[in-house]
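Using the sequences and the hints, build the whole thing.
Taken in sequence, the protein lines are chains G and F. Counted from 1, the first sequence has number 132 at position 132 by the numbering used here; the numbering is strictly sequential. Counted from 1, the second sequence has number 243 at position 8 by the numbering used here; the numbering is strictly sequential.
Keep in mind the hints are simulated off the structure, nothing from the lab. Among these hints, one or two may not hold up.
[To be verified] Straight line, CA to CA, 27 Å or less: simulated DSS-like cross-link-like pairs of lysine-lysine:
hint, chain 1, residue 1, chain 2, residue 2
1, F, LYS279, G, LYS100
2, G, LYS3, F, LYS279
3, G, LYS3, G, LYS220
[Said to hold, decoys possible] Ranges between beta-carbon positions, derived for each pair:
hint, chain 1, residue 1, chain 2, residue 2, range
4, F, GLU270, G, GLU182, 53 to 61 Å
5, F, ARG263, G, PRO155, 52 to 60 Å
6, G, VAL149, F, ALA292, 54 to 62 Å
Everything numeric in this text was worked out from a predicted model, so none of it was measured. Virtual Cβ for every residue (Gly too), placed ideally from N, Cα, C.
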Amino acid sequence: MNKSLNLALGALTGGLMVVAIYMVFEYVPTEADQGIVQRIFYFHVPCAWVAFAAFGLVAICGIFYLWLESPIWDDLGYAAAESGMVFCTLVLVTGSIWAKPIWGTWWTWDSRLTTTLILWLLYGGYLLLRAMADDTPQVARFAAVVGIVAVADVPVVVVSVRLWRTIHPAVLVTREGGHGLEDPRMVATLLVALAAFTALFVWLLILRFATLRMRTRIAKLAGELNLAHAAAGDL
Amino acid sequence: MENFGYLFAAYTIIFAVIFLYVVFIWRRQARLEVELRTLEARLKEVRQELMARETTARAAQ
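In structure tokens:
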């Protein structure tokens, strides 16, 4: 990967993150009912957004891999799944920490929480498959199918607060159709945090994709070296 | 500042996890770069050896 692009993306991510942190801790007003702990929301929601985007990308890469059979799509899908898993884990952990003072429990089998846990388990399975099996086209095809099927849970997570009885708040649009964030400073903080996490995701994705491409190149070179050794033995 | 501990814990975990993931990627990248350079150098050596052998074989004919 181009080092200057890497640095530029890293700097952009760092800058946006600093602004987001300032807004979360200094700029945004404290929510009236929940108090200071509601500020977890400004990083909890972007983590969820990035995880959903990452899993959507896994499915898109899966479709392209099955169509074109190019290892680039397989590597990109793998990188997206791994990054998405990091953010999905953060969604569950920060949500649990937020739930404890507000709901009085670390975990409840609420529809939003349960469907998110299912999502985490699905992509955990995807990554386990990649880690345990050899890097063969057959495994890549199987992983592509898993990635395409698993993404079906993302819309279920999103609409779960409307489909089933739940205690999880519908943040952006409430059941009554109203806006969950009344103060414009809250909206601005959320948007900046969304931008910061999107930049972070793109940066991590590119970093991880570069290592996976390197691994593919090493496998190719090892094959060439074996052939060269065989040819040297024949002479 | 009620519940500040929860807020602090949530943000600390977020940054710790992201930091650890970045370190994991960088370390893996550094290891793969070394492996790649070693393989490239070895392949170059073997190819040069092959060419030298071919040249010697042609000269002998």
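Checked against the structure, which of the hints given earlier come out wrong? 1, 5
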